[in-house]
Structures are given as C-alpha cells and as structure tokens.
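Trainee: For reference, the chains in residue letters:
There are 2 protein chains.
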Amino acid sequence: MKTSSLTQMQQAKTGVITPQMKAVAQDEDVAPEYILQEVAKGRVVLNCSRRRKKAKLLGIGRGLRTKVNANIGTSQQLSDLPLELEKLRIATEAGADTVMDLSTGGDLPLIRREILQTSTIPVGTVPLYQAAAEEIARSGDLLNLSADHIFEVIEEQAEDGVDFITVHCGITLKTLERLQKQKRLIPMVSRGGAFLANWMLRNNQENPLYEQFPRLLKLAAKHDLILSLGDGLRPGAIADATDRPQLEELVTLGELTEEAWKADVAIIIEGPGHVPLEQVRANVLLAKRLTQGAPFYVLGPLVTDVAPGYDHLVGAIGGAQAGAAGADFLCYVTPGEHLRLPTLEDVEAGVAASKIAAHVADLSKGLSSAWQQDYNMSHARRELDWAKQIEYALTPRKVKDFCHHTERGTVCTMCGEFCALKWGKIDGESLK
Amino acid sequence: MKTSSLTQMQQAKTGVITPQMKAVAQDEDVAPEYILQEVAKGRVVLNCSRRRKKAKLLGIGRGLRTKVNANIGTSQQLSDLPLELEKLRIATEAGADTVMDLSTGGDLPLIRREILQTSTIPVGTVPLYQAAAEEIARSGDLLNLSADHIFEVIEEQAEDGVDFITVHCGITLKTLERLQKQKRLIPMVSRGGAFLANWMLRNNQENPLYEQFPRLLKLAAKHDLILSLGDGLRPGAIADATDRPQLEELVTLGELTEEAWKADVAIIIEGPGHVPLEQVRANVLLAKRLTQGAPFYVLGPLVTDVAPGYDHLVGAIGGAQAGAAGADFLCYVTPGEHLRLPTLEDVEAGVAASKIAAHVADLSKGLSSAWQQDYNMSHARRELDWAKQIEYALTPRKVKDFCHHTERGTVCTMCGEFCALKWGKIDGESLK
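Chains as they are written, first to last, in our numbering: chain A, 1 to 432; chain B, 1 to 432.
One thing to keep in mind: the hints can contain errors.
Which copy? The list can't say, so a pair holds if one copy fits it or any two copies do.
Within a straight-line C-alpha distance of at most 27 angstroms, the following computed BS3-like cross-link-like pairs (lysine-lysine) qualify [as the list claims (entries may be wrong)]:
hint : residue 1 : residue 2
1    : K174      : K222
2    : K13       : K41
3    : K365      : K388
4    : K218      : K183
5    : K56       : K13
6    : K425      : K181
7    : K425      : K183
8    : K365      : K183
9    : K262      : K218
10   : K388      : K183
11   : K22       : K222
12   : K388      : K400
13   : K388      : K218
Think of the hints as simulated: they come from the structure by calculation, not from any bench.
Based on the provided sequences and hints, a complete structural model is requested.
Mentor: Shown next, in the form of structure tokens:
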C-alpha cells in the first residue's frame, strides 16, 4: 500500500482519500468520504504504521465498530517471550483488534520487535516503561531518567513500527496540586503516571511530555504515530471516580488534543478506570466534549472494586455502557487484574468479555451489522440449527466446548421435550 | 417466629409490624416502619412461607438490596437429585438469595421436598411443570391437562412450603392475537407460557390462570404465597424486544397486580429476556409504572443473542443496568444457557455474575452498604493487604484460587516493582 510522508490527517485535511482510508471504509462498510471527513476532524484515527506492511489496517472512532485492545507483555517477575507470543496469538484469535505490549521485564526491544514482527493487528506500547527499565539498569534509580532519554525511546519504538503509544502528557504540576487537595482513597494507579509524578516531585520540574509537547508532536508527525494520551490520574477506586484531579487532567488533554490536530497528529484519549455504573455515561460525555470528539479509549471501566477474579466481567458491564455512550475503544480487563499477570486463559476470557461488551455497545448504537448478527443467531436458534449457532457466535470455540459435553438430537439437555422453541412456534397458522 | 393466618400484606395494611418485617428491616438496615409501609403498598414482598421454619427471611423490592435467584432442577434428559442438592449448596454458598426448582424430570414432588427441606434460602417453583409432567405420564399428551389439576398442584406445592411460584397469568387470547399480528422472529421462549398458549389454542379456551385468577388469589392468600407473575411473552431475541405482545401481557399483569393487592396477595412481576442495552431502562420503567411499583424480577436481561457460552456475562451486563434502573430481583443466567442444563461450575459462575451485577446496581443506586464494601476493598488494596482483599471480595474463593498460583511478597506478578500502588502514594506529604 502506498505511503506518504504526510500523515493521514494531513492528507485528509487536503481532501485526499488515501488507500488506507479506502481500506478502512471497506472494512467498516461506510463511505470513504466519511472516513476522510472524520480523519480530518480527528474523530477517527487510522492505525497504519508505515514500517509494517502486514498488520491489518484499522480505524477507531466515531461511527465505526467498537474496538477491543488486549494488553500483553512481561513483568519483572515473569518474563517469557514465547508465552507473550502465545498470548498474542490467543488474543488475535479471540478477536482482539489491537494489542499493547506493556512489557516491563526482560529484553524489552527484543520482545517488542518479535511482537511487531508476529502481529497481524496493530500494536501499541508505553515507551516510558522501557525508558524506566533502562534507567534502573543504568543507575539503579528510575528517577534519574532524563527527558531526552524518554524521547529517544519514543523515536526508537516509532521506528520499529509501533502504531500507537501511550504518553501521559496530562500530568502537570497543577494536576498534582489538585491531587494533593483531593485526598483520594488511592492516589494513583497508573504506572506511567506514577513514575512521572515521582520524577516531577523529585526533580521539581514540569512533566517533559507536557512541557515538550511540540517535540513529541514533531516525532509523531514524522512517523504518523498515533498518540494515545494516557490518564495518569484515572480513578483506581469507586470512591475516587470523576473527581477534580481526573477532570483537571482531562481538561489538559483536551487542550493538547487541539494542539496535536493543528500539527496533523492523530490522538486517542484514554479514560477510566474505576467508575460506578451511573457515572459511566457522564464520563464518556465529558471526554468527548472536552476533547472535541477525539476517539475515547476506556480501561474497563470497572464498575465495582470488589470482584477480583471476575474483573473481565466487571469491565464488560462498564465497557458495554461506555461503548453505548460513545466510547470507541475498549481496553480489556482480565480475570487476573489486581491479582496477577494474565495467563493464557485470562487473555482469552478478557478478550471474549470485551468483544461481547463491544458488540452489546454496537447493538445499542444501532449498528446494522451488529443487529444482523443477532438476527442470524436467533434465526438459527429458532430452527434448532446448532451448526449455524456456532457460526454466528462471538465465541464459537466456547460453544463447541459446551456442545461436546452434551448429548443432543434437536433439543438440548436444558429443556428436553419441554423445549419452548418447539412448543412456542405458535404464531401465524396456529391461531387460525 | 410467630405466624398469623393473615398475610403479611394484610397485617401491614392494618399497621401491624410483624416479626418477619422486623427481621427483614434488620437484615437490610432500614426502619421496620419502612418495611411496613412498602409491604402494605405491595412494593416489597417478604419470603416467609409459614410451613418452613429454617429458611432465611428475605425481603425483595424497593429500597432493599438487589437480590439474586439461581434456577436449579432436573430435566427429562438429566435427572439426578444429589446433583441438584449439590447445585443448591453451591448456589447458596456463592450468595444466591433464592433458588427456583425448575425440575421437569424424575419424581418432581420428591425432588421439591428434598430441596425445600435442605434449603436455607427461599424456594420458588413453576407448578405448571409438575402438572404438565403428570399429564404426560397419565395421558401422554400434556394438552389434556385440566384447569383443576393446575390448581391442585399449586395447592400441593404451597402446602409443601414453597415461598413463591411463577404463574403465567398474563397470557390471554388477546395476547396471542397480538402475538400473531406481530410476526416475531421467535414467537415464545417461555416454557410455561408456550404450554399454556398451546393448551388455549387446542381447547379454544381462555387461560385458566387468568380466567380463574380469584381462585388463585384465594389459594395464595391462604398460604401467604407470593405470586410471581410470569412473562410468557418475554422476548427471546434482540429483534423481538419491547414489542406489542410483550407490552400487552405487561399491561394485563398490571391489572392483575391491582386485583391481587385488593386480596392482600403479594406479587412479583417477571420481565425479559433478550433486550438490547439501550432498551433496558425503558423496560424497567414500564414494568414499574404499569404495575404501580411491584417488585420487578428480570431474567438477565440478555443484551445480545450472540454470546452462548458467556451468557452469564451477557446477563450481568443487562442485570446491572436493570438493577440500576430499579429492578429488584435478578434471575441468574448461566454460561450453559441456550446450550445445556447447567453444570455445577455453571451454577457457580452464574451466581457470581449475578451477584456482581446486583452489587454494581446497588452501588449505582447509592446503597451505603455497597459503597462501604468498595471503600474497604480499595483501602485493603492501597495497603497491599491481600488477606483483607479476600475478605471483602464478592467471590473470595476465586481470589484465593488466583493467589495460589502467584508467588508474591507485597506486590503481585502484574507489575512487580513497577507497582503503581507503591509508586502512586504521592498525595499529602510528598508534595510539600
């Protein structure tokens, strides 16, 4: 596919429908002109790193299917490259639209490059993790990190072909002041955010990703790298949801988004986090309003703190509601969240849960392809056509597993001859 | 506990605070006068069969915690009493507030009595299943069933000490006419509803549970049996949600509710079913308005058709939203729904999912005990106190399972030394 040294946004602004826009339009069954318009306005972003040729082109944003990201990656306790590649495979097979490599342990550049080489879906990263790990290796204290080092790592990762990066640009000295006044139950749960905050306090300096934002934009424009503006102050407890530091950061992210768009750089806005269900819709509205409709990427949201072991399900409750309210991109949460680095089973369950939430959101928003899929499934159900039910299922493997254990003819063990689908065929001729 | 020959509602209407009302008030941490008022108005029902002494007293309705029911019971394909008792044990341990014995295979009275004798939580049934099974045994054709037989089975079950029964009183000839005009994708998915509809069509007669509703009320009043008015026309496909036959039935249930209240009989209203997320709130509102605030009992709702194998999760998404909108009682859906009679694992996963949904709803409604639990959990999380995290978890067994597999000191394998909870402790003194 032809690439240009201009960013997709830049080309969209001049009215050029790129091959990438066409491909995404086809994938989403919308007009290329729609994609052009939304990319120009920043409300749709295109994952299409110039460095990688084999990853699927993927649009995220307004009017498109709700997308799902799966976080994979090593930790310092558990670093096993083949395991991570297996997670990538499982996540992709389960229907993840993107993965983020959040590795913090082992040879980070090697792990990232292997993931990039293997992945057929776009890949995101958090460059700060590599910078921090390298600083720990160098001086034993990550707070010695230099701003230049952060930017060097970002450039290195962009050159490797990463599609989007999380950068915590909204944590400012002002945000930290508001955090102090707020007296949160849990001050910070963002790793990148917490490093930066500690760095700022130790060095008594403004966040370099904020202060040198134009430098970041120049880098991003050069590689057409999507900047996913992280929410370092996302609430990590229900009690802290939708508070002043969270909003301070979001307002800042809105300002930075406008700057980025002026520089033709595509932006994603990251959102909470732990949010009670009745605040989810307001959170989506706030993010969309304060950032002029930039694609919104939520972590969950987790609508309660008290269900560790089932946080994929908690995230699906929040994600479905967020998606229905307009969030464009759901970051999965696995059953292991808060407890352990996800296992292979956790990855599969996490993607399944988020895919379901995304589909529920798409139904809720009235997306016709989503309604068609439900229609097809229920039609197959009415006809007791098990093969087609497997075909239309979001998680066909699971359905096959369940059916394996079941002796069935045309009815299942649930109702047997009491099957309502058989007894219930009573409209039409039966009433004559 | 003292019992009276008057129903709880009858006593409430005369201003008598019964021991049962006091017990429920204490359990829910509300004033006995509140329970008195709500029971008198029909908006809270008390599960307190006079026949059974050991089951927990349980209130369901406005202002109380959202409750969870687990369906257990045999089918004609799979009838195993010890297995059902084990399901009862697992459901109770996982936190189900009630169970319904939906057995359709084996010695139904024996199974029910064993469940009633064993259960420490209230038990509901669908008497029509027994009547149908007995008629099949007698004549080989359940459509030969007599109205008297249905009422005899109801009386038998009430005398056994069942707390509440599902009766599909709202299926009328008028409803079936509207069903015919609607041309649904899946006409009926309620087993009891489908039997009755077929019976009515075959015998060209009105539904006896509708036509002889006063007879049913007399029986219910005698035993202070709660009538859970079934939704035979609940949508079984997203495409059929919130349609005319569903509403016709609901309107009828509203009229019957008023009749029941005049006879001092407690009512629960059953609701959908398959409903897209953006229609859930309207469904709760309609049920509450059309029945003057009777407790609302939802099956799921299932917010998509396409996730068999994960329907517990789909039901949790819908149940959380329904509960937040005012539904009082969530019927669990298990991963096996649409595929097989639930296994023990399915029962546990189903209860866990619904308990989480109920808790999310309680948080959303601002219930202070729910908020306190989340506060406690997040406080324990901040302190990296794993023992307390297990204590405050909705599903402690699951958390223990996960922690088993994990080597940990004070941090987990997810972030290791990058733990944001350690790095993130930066408000207060750190900023000075």
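Trainee: Hint by hint, say whether it matches the structure.
Mentor: Hint check:
In this assembly of identical chains, the alpha carbons of K174 and K222 never lie at most 27 angstroms apart, being 30 angstroms within a copy and 68 angstroms across copies at closest. Proximity of K13 to K41 under the C-alpha cut-off of 27 angstroms is restricted to the intra-copy arrangement: shortest distance 8 angstroms within a copy versus 63 angstroms between copies. With identical chains, the CA atoms of K365 and K388 are at most 27 angstroms apart within one copy only, with a shortest distance of 25 angstroms there and 40 angstroms across copies. Within a single copy, K218 and K183 get their C-alpha atoms no closer than 37 angstroms, and across copies no closer than 59 angstroms, so neither meets the 27 angstroms cut-off.
For a Cα distance limit of 27 angstroms, the shortest separation of K56 from K13 inside one copy, 23 angstroms, qualifies, whereas the shortest one across copies, 67 angstroms, does not. In this assembly of identical chains, the alpha carbons of K425 and K181 lie at most 27 angstroms apart only when taken from different copies (14 angstroms versus 63 angstroms within one copy). Proximity of K425 and K183 under a CA criterion of 27 angstroms is satisfied inter-copy only: 11 angstroms between copies versus 60 angstroms inside one chain copy. For the homomeric pair K365 and K183, the shortest alpha-carbon distance between copies (24 angstroms) is at most 27 angstroms, but the shortest distance inside one copy (37 angstroms) is not.
With identical chains, the CA atoms of K262 and K218 are at most 27 angstroms apart within one copy only, with a shortest distance of 11 angstroms there and 75 angstroms across copies. For a Cα distance limit of 27 angstroms, the shortest separation of K388 from K183 across copies, 22 angstroms, qualifies, whereas the shortest one inside one copy, 54 angstroms, does not. In this homomeric assembly, K22 and K222 come within 27 angstroms of each other (Cα to Cα) only inside a single copy, at 22 angstroms, whereas the closest approach across copies is 71 angstroms. In this assembly of identical chains, K388 and K400 lie within 27 angstroms of each other by CA distance solely inside one copy; the values are 11 angstroms within and 39 angstroms between copies.
Within a single copy, K388 and K218 get their C-alpha atoms no closer than 50 angstroms, and across copies no closer than 48 angstroms, so neither meets the 27 angstroms cut-off.
Going down the numbered hints, you'll see the structure goes against 1, 4 and 13, while the others check out.
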